[in-house]
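Enquirer: I would like the entire structure built from these sequences, with the hints used as guidance.
Protein chains: 2
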Amino acid sequence: MKPLRIALLGMGTVGSGVYQIITKHGRELAQRAGRTLEIRQILVRDLAKPRPVDIPSHLLTTDFSQIVADPDIDVIVEVMGGVAPAAEYLRSSILAGKHIVTANKELLAKHGQELLSLADEQKVHFHFEASVGGGIPVIKALKESLVANQVSKVMGIINGTTNYILTKMASEGTHLETALTEAQTKGYAEADPSSDVDGYDAAYKLLILGSIAFGSRLDLSKVYVEGIRKVTPIDLEYGHQLGYTLKLLAIAKDTPDGIEARVHPTFIPNQHPLAAVSDVFNAIYIEGDAVGELMFYGRGAGDMPTASAVCSDIMDIARDSGAKKACSCLYTKNQLAMGSTVSRYYIRISVLDNPGVLAQIATAFGRSRVSLHSVIQQGRGEPVPLVFVTHEVSEADFTQAMDEIRALECVFEVDNIIRVEGEA
Amino acid sequence: MKPLRIALLGMGTVGSGVYQIITKHGRELAQRAGRTLEIRQILVRDLAKPRPVDIPSHLLTTDFSQIVADPDIDVIVEVMGGVAPAAEYLRSSILAGKHIVTANKELLAKHGQELLSLADEQKVHFHFEASVGGGIPVIKALKESLVANQVSKVMGIINGTTNYILTKMASEGTHLETALTEAQTKGYAEADPSSDVDGYDAAYKLLILGSIAFGSRLDLSKVYVEGIRKVTPIDLEYGHQLGYTLKLLAIAKDTPDGIEARVHPTFIPNQHPLAAVSDVFNAIYIEGDAVGELMFYGRGAGDMPTASAVCSDIMDIARDSGAKKACSCLYTKNQLAMGSTVSRYYIRISVLDNPGVLAQIATAFGRSRVSLHSVIQQGRGEPVPLVFVTHEVSEADFTQAMDEIRALECVFEVDNIIRVEGEA
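Residue numbers (my numbering), protein chains in the order written: chain A, 1 to 424; chain B, 1 to 424.
Keep in mind that a hint or two might mislead.
[What the hints assert, rightly or not] Straight-line distance between alpha carbons at most 16 Å, and here's what the computed EDC-like set of lysine to aspartate or glutamate pairs gives: (1) K333(B) - E28(A); (2) K325(A) - D320(B); (3) K253(B) - E38(B); (4) K24(B) - D279(A); (5) K325(B) - D289(A); (6) K143(A) - E392(B); (7) K325(B) - E28(A).
[As the list claims (entries may be wrong)] Restraint ranges, calculated between C-beta atoms of paired labels, are given here: (8) D54(A) - D279(B): 27 to 37 Å; (9) D279(B) - D320(A): 35 to 45 Å; (10) S117(B) - L330(A): 34 to 44 Å; (11) A96(A) - K324(B): 24 to 34 Å; (12) V375(B) - K324(A): 52 to 62 Å.
Don't read these hints as lab results, they were simulated from the structure. We put the beta carbon where it would ideally sit given N, CA and C, even for glycine.
Expert: Written out as structure tokens, the structure is:
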């Protein structure tokens with residue numbers, strides 16, 4: 001069988017990881033695929049830039065048009081990141097009949113529907129295992145291994161930077177700024193950390209996971225996104241007392257009313273498998289009607305884990321195996337606005353240290369049908385903190401209760417509100 | 001495209017799970033595969049036996065020869081269990097050109113090499129995702145998603161019965177017999193529990209996992225197998241003090257000297273991801289050179305989780321995707337005897353409560369080059385317990401040290417020896 005001829009778009013950390021794997025394990029990969037993998041061209045911005053791996057200079061080019069026009073290229077591996085010009089490059093590559101492998105979550109979240117449909121029209125492979133969870137094979141699991149399941153829930157820790165920050169804050173009692181600076185020093189967070197810290201990176205990945213899990217394309221503009229900036233060590237300490245661990249969770253649920261998709265700081269019971277996922281590790285927890293609970297755990301980022309996933313996609317194309325259709329959405333399901341969802345909540349309030357205050361607040365909750373699961377009242381002082389955890393409540397009822405509580409004279413401030421998943 | 005026509009061998013819990021999934025999700029599966037799945041025949045022992053699901057009587061047969069001779073059967077799904085007659089049925093089915101899906105770990109551990117080679121000769125699919133870890137897609141992960149990795153280690157909690165028993169013993173301080181009886185009452189353990197409790201079930205599964213992970217067929221007779229019968233609540237309590245959790249681990253390592261494969265009770269550090277896997281849950285932890293650490297977690301048994309995996313295999317055949325070669329062994333690697341391995345050990349000894357006893361034992365360890373990681377000496381009495389945890393030591397040195405210690409006059413008895421993986 002003739003070699004599979006590859007062009008890499010981009011030679012950053014992931015690109016050089018892919019190059020290294022194909023160079024180092026080439027013989028074994030060829031035996032397993034029944035054909036050799038051959039990197040023919042590599043698109044870079046600057047031919048002269050020093051690179052982490054030694055690459056023969058004849059492979060490098062700055063001219064994409066030469067790659068797309070080359071009939072000897074079978075597969076385009078896009079590891080350059082960003083939306084432009086990657087979207088345009090992939091569009092023209094598909095139209096030129098080339099198979100696609102990409103690790104680009106933002107591109108998929110924003111242009112996935114169009115690109116996947118185009119790939120199906122042109123009957124080319126379009127794989128994107130590396131776009132979510134680095135080396136964790138969750139896309140293939142959802143598309144192939146869980147094909148006999150109706151998936152009802154996907155919950156993921158899919159941003160390593162924020163998981164590292166939250167783990168540090170919980171174990172050392174530090175503030176977000178301190179933990180973020182440490183993450184930046186260690187290279188786990190970028191100089192501008194907003195895509196991670198504000199939840200957008202997780203939202204892109206959730207859009208991909210949810211669309212595949214439920215067979216219905218999610219709409220990015222309807223995904224609720226809340227980052228971790230308002231998390232404080234005090235809240236982590238109260239959560240600990242209540243039996244909860246705080247994680248930035250990306251949650252998608254297929255409910256009878258529609259699909260919920262949201263990213264926010266979330267208290268989960270300590271005994272939940274996701275609670276034990278620390279540091280930069282990622283994990284995706286899935287519930288299916290046949291398989292029950294599943295969880296996939298591993299390194300969600302990094303050059304080699306991500307390159308491992310990219311190479312498995314390349315091998316699927318070399319063997320012409322893996323799910324054939326690029327787009328796996330069979331349905332068009334309704335996607336719920338956040339206001340139509342139900343949640344459990346943790347609320348921390350500063351109140352006057354007077355008799356009857358707890359009763360006033362509890363009454364306000366009750367009037368809006370908000371039922372309480374637990375309360376912490378301890379210490380004295382002015383103001384004194386009160387912490388509540390509710391049972392499941394509609395967004396509308398909860399908002400009404402909180403409006404009423406904010407207006408009470410005994411209430412100084414509502415200090416924090418954090419969602420809760422599952423019973424502790 | 002014409003329907004994929006299926007014969008089920010066996011209609012126990014897994015068989016009826018498969019039947020239910022194909023009946024319930026048939027329309028969606030057909031859309032995803034591009035063809036319908038059709039169950040044409042079901043081999044049973046007794047036509048009149050009442051079944052958990054309602055099955056049209058014309059599908060049932062007691063005659064395998066009729067199934068194998070039927071040119072209208074494309075796939076044989078073996079969910080009957082046991083080695084005979086399943087091995088013979090699969091052999092003749094492959095020779096008749098039929099694709100195979102099986103959930104039968106014992107059959108694969110004992111006849112896998114022959115059957116997989118035969119399938120490759122006959123160019124038929126042979127899938128067995130359900131044979132390890134129930135609904136957890138670990139076989140596909142190893143064969144396809146980790147194809148670009150050199151896997152160095154696989155460690156699994158792959159027997160739900162013993163994990164349930166060990167979880168109960170640890171959380172309630174009960175003895176093995178009590179926890180086993182409870183497992184039997186709940187249907188988690190069979191009336192004759194020896195295949196689970198003595199480690200054979202885990203050994204069959206380890207043989208499958210290790211062979212795929214390292215690309216080299218393991219030899220069942222060289223797998224070290226030790227069950228959980230000697231585990232006591234006292235050892236669990238000492239382990240807890242030392243920061244360890246006890247699990248029945250199936251461990252396979254690819255070392256420069258050869259492959260190690262062993263099943264035994266194992267203390268692992270509490271912070272290891274496997275330590276949090278409780279009750280009947282299974283998990284498989286993998287280390288690869290590119291991907292780093294990965295873990296797959298889920299229900300390792302049960303009718304529907306196992307049927308979920310069987311159906312994903314059927315779908316791979318319907319789409320003609322999934323790894324094409326049945327046998328993925330490219331190499332013939334040396335498999336180490338247990339005597340040639342290194343381990344860490346937990347040792348509990350009853351000794352005379354005299355001055356100088358600890359020094360005598362520590363000296364004996366030292367003479368055999370056994371270096372100690374931690375020691376617990378607490379309480380008084382006659383005898384008094386001493387607990388040691390060693391660093392890594394060769395089997396030969398360790399045996400020599402223990403022989404010398406057993407011969408000391410101050411030593412009443414060596415009460416228990418349990419292996420340890422990883423630093424606490």
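Enquirer: Are the Cα atoms of K143(A) and E392(B) separated by 16 Å or less?
Expert: Measuring from Cα to Cα gives roughly 42 Å; hence the hint is violated.
Enquirer: Just to be sure I understand the hint, the distance between the Cβ atoms of V375(B) and K324(A) should be within 52 to 62 Å; is that true here?
Expert: Roughly 60 Å apart at Cβ, these two residues keep to the hinted range, so it holds.
Enquirer: Need the status of pair K325(B), E28(A): alpha-carbon distance at most 16 Å?
Expert: Holds, at roughly 14 Å.
Enquirer: Given the hinted pair K325(B) and D289(A), is their alpha-carbon gap at most 16 Å?
Expert: Roughly 30 Å separates the two Cα atoms, so the pair is violated.
Enquirer: Do the beta carbons of S117(B) and L330(A) sit within 34 to 44 Å of each other?
Expert: Holds, at about 38 Å.
Enquirer: Verify the CB-CB distance for D54(A) and D279(B) against the hinted window 27 to 37 Å.
Expert: Once the Cβ atoms are compared, 51 Å apart, the range 27 to 37 Å for D279(B) and D54(A) is violated.
Enquirer: K333(B) and E28(A) were given as a pair; does the straight-line alpha-carbon distance stay at or below 16 Å?
Expert: 15 Å, holds
Enquirer: K24(B) and D279(A): Cα distance at most 16 Å?
Expert: 41 Å, violated
Enquirer: Given the hint of 35 to 45 Å, is the C-beta distance from D279(B) to D320(A) inside that range or not?
Expert: Holds - the Cβ-Cβ distance for D279(B) and D320(A), about 41 Å, lies within 35 to 45 Å.
Enquirer: Mind checking the alpha carbons of K325(A) and D320(B) for me, to see if they're no more than 16 Å apart?
Expert: 13 Å, holds
Enquirer: Between A96(A) and K324(B), does the beta-carbon spacing fit 24 to 34 Å?
Expert: 27 Å, holds
Enquirer: Verify the proposed pairing of K253(B) with E38(B), using a straight-line Cα cut of 16 Å.
Expert: Roughly 42 Å between the alpha carbons, so the hint for K253(B) and E38(B) is violated.
Hint compliance for this structure: hints 3, 4, 5, 6, 8 are not met, and every other hint is.
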